[in-house]
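Chains as they are written, first to last, in our numbering: chain A, 1 to 191; chain B, 1 to 57; chain C, 1 to 243; chain D, 1 to 215.
Just so you know, not all the hints are guaranteed correct.
[Unchecked claim] No farther apart than 30 Å at their CA atoms in a straight line, the calculated lysine-lysine pairs in the DSSO-like style are these:
no.: 1; chain 1: A; residue 1: 18; chain 2: B; residue 2: 57
no.: 2; chain 1: A; residue 1: 75; chain 2: C; residue 2: 155
no.: 3; chain 1: A; residue 1: 63; chain 2: C; residue 2: 4
no.: 4; chain 1: D; residue 1: 14; chain 2: A; residue 2: 100
no.: 5; chain 1: A; residue 1: 75; chain 2: D; residue 2: 82
no.: 6; chain 1: D; residue 1: 82; chain 2: A; residue 2: 100
no.: 7; chain 1: A; residue 1: 55; chain 2: D; residue 2: 151
no.: 8; chain 1: D; residue 1: 211; chain 2: C; residue 2: 236
no.: 9; chain 1: D; residue 1: 151; chain 2: A; residue 2: 18
no.: 10; chain 1: A; residue 1: 63; chain 2: D; residue 2: 82
no.: 11; chain 1: D; residue 1: 211; chain 2: A; residue 2: 58
no.: 12; chain 1: C; residue 1: 231; chain 2: D; residue 2: 151
no.: 13; chain 1: C; residue 1: 236; chain 2: B; residue 2: 50
no.: 14; chain 1: C; residue 1: 234; chain 2: B; residue 2: 46
no.: 15; chain 1: B; residue 1: 46; chain 2: C; residue 2: 155
no.: 16; chain 1: A; residue 1: 110; chain 2: D; residue 2: 13
no.: 17; chain 1: A; residue 1: 58; chain 2: D; residue 2: 82
no.: 18; chain 1: D; residue 1: 211; chain 2: A; residue 2: 55
no.: 19; chain 1: A; residue 1: 13; chain 2: C; residue 2: 236
no.: 20; chain 1: C; residue 1: 155; chain 2: B; residue 2: 50
no.: 21; chain 1: A; residue 1: 110; chain 2: D; residue 2: 2
no.: 22; chain 1: D; residue 1: 211; chain 2: C; residue 2: 231
no.: 23; chain 1: D; residue 1: 173; chain 2: C; residue 2: 175
no.: 24; chain 1: C; residue 1: 234; chain 2: B; residue 2: 50
no.: 25; chain 1: C; residue 1: 4; chain 2: D; residue 2: 211
[Stated by the list, open to error] Derived, one-sided and incomplete: chain D residues facing chain C with beta-carbon distance under 7 Å:
no.: 26; residue: 147
no.: 27; residue: 151
no.: 28; residue: 155
no.: 29; residue: 158
no.: 30; residue: 159
no.: 31; residue: 162
no.: 32; residue: 163
no.: 33; residue: 165
no.: 34; residue: 166
no.: 35; residue: 169
no.: 36; residue: 212
[As the list claims (entries may be wrong)] Here's a subset of chain B near chain C, in silico, CB distances under 8 Å, partners left out:
no.: 37; residue: 37
no.: 38; residue: 38
no.: 39; residue: 45
no.: 40; residue: 46
Bear in mind the hints are in silico, worked out from the structure with no lab data behind them. Here the structure is a predicted model, which means the values were calculated and not measured. Don't be surprised by glycine CBs; every beta carbon is placed ideally from N, CA and C.
Below, each chain spelled out in residue letters.
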Amino acid sequence: MKKILVAENLSYKINDTKLFQNLSFSLNEGAAIHILGSNGSGKTSLLKIISGLTKQTKGEIEKNYNKDICFIGHKNALKQYLTVEDNLSLLEIEAHGNLKSFLQLLGLDKLLDVMVANLSYGQQKKLALLRLFLNNSDLLVLDEPCVGLDKKSQDILCTFLSDELNAKKALIFSSHISLDISAEVLQLDKA
Amino acid sequence: MFNFKFNSISDAIFMQSSNGQYHGLYVWSVVLIVLLSIAITFLVYKTQIKNIGKKIK
Amino acid sequence: MIKKFIHQFASPKTYLFQVDRAYPYIFYTSLSIYLGALFWGLFLTSEDFVQGNSYRIIYLHVPASFISQSLYLAMAFASAIFLIWKVKLSAYLVRSIAPIGAVTTFIALVSGAIWGIPTWGTWWAWDARIISTLILFIMYLGLISLHDSFTDNEKADKFLAILVIVGSVNIPIIKMSVEWWSTLHQTASITVTEKPAIDPSMLYPLFGSIIGFTGIVVCLVILSSKLQILKREKNKSWVKDYV
Amino acid sequence: MKLLKFELLKLRKKSRGWLGPILVFVLIMTAFPLTVEMLNKDIDQSFLSVLWIATLLVMMLATEDIFLEDFNDGTLEQMAIKHNSLSGVITIKIFVYWLLIGLPISLLGALYGFGITSSADLAIQLIPILMITTYIFLNVFSFGNALSLTKGSILGILITMPLVLPLLVVLGKVVIAINLGMNFLGFLFLLLGILSIIILVLPIIISFVIKAHLE
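Using the sequences plus the hints, can you model the full thing?
Structure, rendered in structure tokens:
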């Protein structure tokens, strides 16, 4: 088994507030980690550290993958004043083979000419998740992917993630809604 | 080198120069401004430190 | 190794204790030097041949403008240390020097303007040094407002340090360019390399006032940094003991 | 190249982002002659001063949104993860802004120069100078806006205005050089030198600042 991520004694603090201390875990390919914790326990910070946006205060993190990370955060990375089609090309997935089927699956196929600002929040979230569905990465980092999604889309997401895990990809995510994926739980609590 | 330049206090206040102008107003206002602004800055910091000290206690 | 050394000796705690011990000595010596030099300069020196008695403002103006520029240099130095070695104390120092710099620049500007009335016949001139001092003043205020607009202090420290360093590159350029643009101001009275252009009897009190004023400003910086440390470390246990 | 295409698309579709500053420039340059007497012969000289100040103001306005929007909607986050050199992305971003805002303003400024002073020489000389200065202004104000990201552009302007003053001095000298018809090329090379230093250094500093914002 190849280890995609190995974290040793990670600590992080913002302005002298300690969020987590001496956190150690490892992530194999084909495995998933579900980060749990109360509000303000540092879930988002941990995911940002893993994706390289933030630097940990202490500890080491070893990354072992070839391609880019697929990171889905709170922010959608969508341009409100552009149409869905333009946004797809900005995300560099307009030519992907599976694009059409996923658009149909999520019910976005009729909305290609609509400006993103005119979509509902859930639709925007689905559009943002297309970047995940058509990803080209070994490591998937998801921060609260289910917020604003209806039950049907959540199921689609779960099936997709299970398939990805079977395809030897690694997944680390935080979610308040439990997802139907076999995942190891990492509990973050305030020190 | 260490002799008083001015003969009386009023001379020192008015500071008449050899060209006849009185420069005392300028010199003394600058002295006043400099000393005052430094003193005020000192005061402001001292009180602020005192206040924050009370808060911490 | 250097990093370890700096971190050991630059903890806010040791700094505060050392500085508290030195403060009264610095304050009283520099105050007496400053007042003595002012007395000497204002009453004992003979009047200037060209400017008359108004030249005595030099003993107040030159120290202030010298300090206002040196303080910026000190800030740039502290910022570099902060960015390279991540020393917290130097970040505090940068933030605490800025308001003191603004005060001294203000003194330099006002005293210069008043000095200008009898000597140039105008209180303001679009002249190289005046403009660059004014810009320095605005920059000090800008630095303060930049730091204060961020609630996240660590971010604010980083941005402040970056801006200080970019500004320090720019200050000599501003000075050169404005000088190139036009100049009316007299050339510097004292430079390091050349023989001073003014009489020794006027020079000694000038040096005295510069040294004394520097000491007073150092005291102000100490107070300001103390306030900064107390504000930023108020949750630490040693601060409670200290107060 | 792909990035260049994307940034162009993003700015082109946001017409208030690029057309807005250009129209403001046109309005300022049109309003200026209304405030002075048309028979005044000194209008030639004050025209250039107004031109520099108008360019300065418009570049401030134009950079207001340069990082803020991408920061708010998360695009910057994705870019920082995807691209190893964020400074390259920033260079391209500023270049696109220059292409859509700086370049048209340079041409318009030359046009106004011809219209007001009716000197073709002046108009032609203005084009390269304006092209370089708009690029420098865009870089410097982007730096200010990166620092004051999410805190409003007033702060950004306040802290970067002092930094562009030397450039204004150079531009003031250029006015004399143009009027006397001498040493024009020297100034052009001076401006080019300033520009090349700024292009090399500022994007790196800006990327440092933006990374700190993303933390």
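Hints and how they fare:
Using a Cα cut-off of 30 Å, the hinted pair residue 18 (chain A) and residue 57 (chain B) holds, with the two alpha carbons roughly 23 Å apart. Taking the CA atoms of residue 75 (chain A) and residue 155 (chain C), the gap is near 21 Å; set against the 30 Å cutoff, the hint holds. Straight-line distance between C-alpha atoms of residue 63 (chain A) and residue 4 (chain C) comes to about 28 Å, which keeps the hinted pair within the 30 Å bound. Between the alpha carbons of residue 14 (chain D) and residue 100 (chain A) the distance comes to roughly 27 Å, so the proposed pair stays at or under 30 Å and holds.
Distance restraint check for residue 75 (chain A) and residue 82 (chain D): the Cα-Cα separation of roughly 16 Å lies within the 30 Å cut-off, and the hinted pair is therefore satisfied. Annotation: proposed proximity of residue 82 (chain D) to residue 100 (chain A) holds, straight-line Cα distance about 25 Å (limit 30 Å). Distance restraint check for residue 55 (chain A) and residue 151 (chain D): the Cα-Cα separation of roughly 23 Å lies within the 30 Å cut-off, and the hinted pair is therefore satisfied. For the given pair, residue 211 (chain D) sits about 29 Å from residue 236 (chain C) by alpha-carbon distance, which is consistent with the 30 Å threshold.
Only pairs whose Cα atoms come within 30 Å are accepted, and residue 151 (chain D) paired with residue 18 (chain A) is accepted, the gap being roughly 26 Å. As the CA atoms of residue 63 (chain A) and residue 82 (chain D) are separated by approximately 15 Å, the hinted pair is consistent with the 30 Å bound. With a C-alpha separation of about 19 Å, the suggested pair residue 211 (chain D) and residue 58 (chain A) falls inside the 30 Å cut-off, and the hint holds. Taking the CA atoms of residue 231 (chain C) and residue 151 (chain D), the gap is near 23 Å; set against the 30 Å cutoff, the hint holds.
At most 30 Å may separate the alpha-carbon atoms for a hinted pair to count; residue 236 (chain C) and residue 50 (chain B) meet this at roughly 18 Å. Of the pairs offered as hints, the one joining residue 234 (chain C) and residue 46 (chain B) holds, with about 17 Å between alpha carbons and a cut-off of 30 Å not exceeded. Of the pairs offered as hints, the one joining residue 46 (chain B) and residue 155 (chain C) holds, with about 28 Å between alpha carbons and a cut-off of 30 Å not exceeded. Of the supplied pair hints, the one linking residue 110 (chain A) and residue 13 (chain D) holds, its CA atoms being roughly 22 Å apart against a limit of 30 Å.
Straight-line distance between C-alpha atoms of residue 58 (chain A) and residue 82 (chain D) comes to about 24 Å, which keeps the hinted pair within the 30 Å bound. Between residue 211 (chain D) and residue 55 (chain A), the direct Cα distance comes to roughly 10 Å. Compliance with the 30 Å bound is thereby established for this hinted pair. Only pairs whose Cα atoms come within 30 Å are accepted, and residue 13 (chain A) paired with residue 236 (chain C) is accepted, the gap being roughly 15 Å. Distance restraint check for residue 155 (chain C) and residue 50 (chain B): the Cα-Cα separation of roughly 27 Å lies within the 30 Å cut-off, and the hinted pair is therefore satisfied.
A hinted pair counts as satisfied when its Cα atoms are at most 30 Å apart, and residue 110 (chain A) with residue 2 (chain D) qualifies at roughly 27 Å. Only pairs whose Cα atoms come within 30 Å are accepted, and residue 211 (chain D) paired with residue 231 (chain C) is accepted, the gap being roughly 27 Å. Simply put, residue 173 (chain D) and residue 175 (chain C) have alpha-carbon atoms about 16 Å apart, close enough for the 30 Å limit, and the pair holds. Straight-line distance between C-alpha atoms of residue 234 (chain C) and residue 50 (chain B) comes to about 13 Å, which keeps the hinted pair within the 30 Å bound.
Distance hint between residue 4 (chain C) and residue 211 (chain D) is fulfilled; the C-alpha atoms sit about 26 Å from each other, no more than 30 Å. The beta carbon of residue 147 (chain D) is positioned within 7 Å of a beta carbon in chain C (closest approach about 5 Å), and the interface hint is therefore held. Hint status for residue 151 (chain D) relative to chain C: holds, with the closest Cβ pair at about 5 Å, below 7 Å. Given the 7 Å rule on beta carbons, the hint for residue 155 (chain D) holds: about 6 Å separates it from the nearest Cβ of chain C.
Interface hint status for residue 158 (chain D): upheld, as the beta-carbon distance to the closest one in chain C is roughly 5 Å, under 7 Å. The criterion of a C-beta within 7 Å of any C-beta in chain C is met by residue 159 (chain D), whose closest approach is roughly 4 Å, and the hint holds. Here the hint on residue 162 (chain D) is kept, as its CB sits about 5 Å from the closest CB of chain C, short of 7 Å. At its closest, the beta carbon of residue 163 (chain D) sits 5 Å from a beta carbon of chain C; the interface hint therefore holds under the 7 Å criterion.
Checking residue 165 (chain D) against chain C: minimum C-beta separation of about 6 Å stays under 7 Å; hint holds. At about 4 Å, the closest approach between the beta carbon of residue 166 (chain D) and any beta carbon in chain C falls short of 7 Å, and the interface hint on this residue holds. Checking residue 169 (chain D) against chain C: minimum C-beta separation of about 4 Å stays under 7 Å; hint holds. The interface hint given for residue 212 (chain D) holds, since its Cβ lies 5 Å from the closest Cβ of chain C, which is under the 7 Å cut-off.
Taking 8 Å as the C-beta contact cut-off toward chain C, the hint placing residue 37 (chain B) at the interface holds, the least distance being around 6 Å. Contact between residue 38 (chain B) and chain C, as hinted, is supported at the beta carbon level, the nearest pair being about 6 Å apart and thus within 8 Å. Using the Cβ-Cβ criterion of 8 Å, the hint placing residue 45 (chain B) at the interface with chain C is satisfied: the shortest such distance is roughly 4 Å. Satisfaction of the interface hint for residue 46 (chain B) is found here, the shortest Cβ-Cβ separation to chain C being roughly 7 Å, below the 8 Å cut-off.
Figure legend: structure checked against the earlier numbered hints; every hint is met.
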